[in-house]
Amino acid sequence: MRFVRNRAEGRWLPSRHHFALFRLAAYLRLRAAKPEPQPGLMLAVTRDQSMGENYGFAIWFLLSNAAFLAPYLPLPLPLAFVVAVPLVALLLQFPCFLMGAVVMPLLTRNFLRNNQRMNMTVLLVISTTLAASHVRQLSFAGVVAWQFFGLIVLNAVAAVILFLLRDDIERLEQALSSAV
124 MRFVRNRAEG RWLPSRHHFA LFRLAAYLRL RAAKPEPQPG LMLAVTRDQS
174 MGENYGFAIW FLLSNAAFLA PYLPLPLPLA FVVAVPLVAL LLQFPCFLMG
224 AVVMPLLTRN FLRNNQRMNM TVLLVISTTL AASHVRQLSF AGVVAWQFFG
274 LIVLNAVAAV ILFLLRDDIE RLEQALSSAV
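Yeah, the sequence shown ends on 303 if you go by our numbering, and it's all consecutive.
It is possible that part of the hints are untrue.
What the hints assert, rightly or not - Here are the in silico distance ranges between beta carbons for each label pair:
| # | residue 1 | residue 2 | range |
| --- | --- | --- | --- |
| 1 | Met174 | Leu213 | 15 to 25 Å |
| 2 | Leu247 | Pro197 | 46 to 56 Å |
| 3 | Pro209 | Asn278 | 19 to 29 Å |
| 4 | Leu246 | Tyr195 | 29 to 39 Å |
Hints listed in this document are in silico derivations from the structure and should not be mistaken for laboratory results. A virtual CB, placed ideally from N, CA and C, is assigned to each residue, including glycine.
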């Protein structure tokens, strides 16, 4: 595992973020950052270290899926959306449970393996299917579906840009981090 020691600007390392949009923003911020010595600071350089990214994505994902579910509830739209939020929070747990309890044991013998990538793939497939079902509608859910696909496209564009910048990013990360 790699760490950044005594350097507060290490929080902007792209490899501390999960999604390409956040990695690209972190790279741009790191390029503009001034050295910030902070004795005793130690930051792990692993994915998913950004609290803002994790919570921001989780809230966006929950609200988007609630917008996709709300038109199917027999309530007026504002109330349906409010009811859909906790309902979606519960419903999204079932695919994760099924992946961990049924599918993954059939695919692998390592029952304690971290299935985060598999769960995320399944949840994104479900959400993309729901978004596709609303994309042609002139409604609140249709607008959210276009926004959903727009962010997926922006993330793909950011991934291409990061691929082109990979050597510069690697140099920056090597300069700031050390292996343990």
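Next item on the list: Would you pick out the hints that fail for this structure and give their numbers low to high?
Entry: Of the numbered hints given earlier, those the structure breaks are 2, 4, listed in rising order.
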